[in-house]
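Go ahead and model the full structure; you've got the sequences and the hints to work with.
Residue numbers (the working numbering), protein chains in the order written: chain A, 221 to 367; chain B, 221 to 367.
The hints are simulated quantities; they were obtained by calculation from the structure and are not laboratory data.
No copy is singled out in the list; a pair is fine if it fits within one copy or between any two copies.
As a list, the in silico SDA-like pairs of lysine to any residue whose alpha-carbon atoms are at most 25 Å apart:
hint, residue 1, residue 2
1, 310, 367
2, 367, 262
3, 310, 290
4, 310, 239
5, 310, 275
6, 303, 282
7, 300, 322
8, 310, 285
9, 310, 343
10, 360, 264
11, 310, 293
12, 357, 262
13, 310, 242
14, 303, 342
15, 310, 345
16, 303, 289
17, 310, 238
18, 310, 276
19, 357, 334
20, 357, 306
21, 310, 245
22, 310, 274
23, 310, 286
24, 310, 284
25, 310, 339
26, 367, 307
27, 303, 278
Number of protein chains: 2
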Amino acid sequence: MTFGLNLQENGNHHLFELDPRLAADTTPITQLDRSMVLLMRDQTYPWLIVVPQIEGLRDFDDLDPDDRNRVGAEIDRASKALKQIYRPHKLNVGALGNIVEQLHIHVIARFPSDPAWPGPVWGAGERIDYAPGELAKTCKALQAALK
Amino acid sequence: MTFGLNLQENGNHHLFELDPRLAADTTPITQLDRSMVLLMRDQTYPWLIVVPQIEGLRDFDDLDPDDRNRVGAEIDRASKALKQIYRPHKLNVGALGNIVEQLHIHVIARFPSDPAWPGPVWGAGERIDYAPGELAKTCKALQAALK
Chain A
221 MTFGLNLQEN GNHHLFELDP RLAADTTPIT QLDRSMVLLM RDQTYPWLIV VPQIEGLRDF
281 DDLDPDDRNR VGAEIDRASK ALKQIYRPHK LNVGALGNIV EQLHIHVIAR FPSDPAWPGP
341 VWGAGERIDY APGELAKTCK ALQAALK
Chain B
221 MTFGLNLQEN GNHHLFELDP RLAADTTPIT QLDRSMVLLM RDQTYPWLIV VPQIEGLRDF
281 DDLDPDDRNR VGAEIDRASK ALKQIYRPHK LNVGALGNIV EQLHIHVIAR FPSDPAWPGP
341 VWGAGERIDY APGELAKTCK ALQAALK
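Structural data, given as structure tokens:
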């Protein structure tokens, strides 16, 4: 699935451009009202990234109240999609942005059997990409769950 | 400042009890509409924890839409209080809960000079408590900023 991820007009928002490091590590899953949803291509963790398509945001509190509520609902949708497919023990939700400053919210399915447990996943090991067939299957399942 | 943190009635919500591990590592700062705001007693990072006082929540998507919006606004208030006082380079906002499962949202002021930078703070080192005078001063500043 492809769509105009890198340059997108959103109502009266300015032109939005996805950070190239986020684009390089992820595959687009779907387009929601305020955000794009990306899959982190790391087969170690079922891992979505919600990126509000609003130019110039760095921190969660840069969202205005209406956008914050909408993005909150989209984080909720991403969370429920991961739960439906993977039945994780716990979800981790986080907006860090110490390396990629553009506001993006990680939503990660966690299991006591995963290699970083109970620590955070960020910086916990090398990203291991999906095999092509596995990637296509994963994207399809997530797209269905996010409908 | 003390208030009835451990056993609190919230409208038509059930009785809420703060996880004892959260209570042990933090000092209460203030009471908002849906959440209590706690200070993590670690002088290495200006670090607030927002805890929705609703019994039985584990993940961010366990919040119903109205509570999610209100808690989102309270995360915003905690974020802006930290920014006002500390002028951080970046804020980290995260709901992990791999160890303490009760829903709690970390709001942390980050600096390129801090010891965990650019990694996450969780699990990055031992907690170093504030000296008593410093703790009182920090609580007072945060309470004023959260008014």
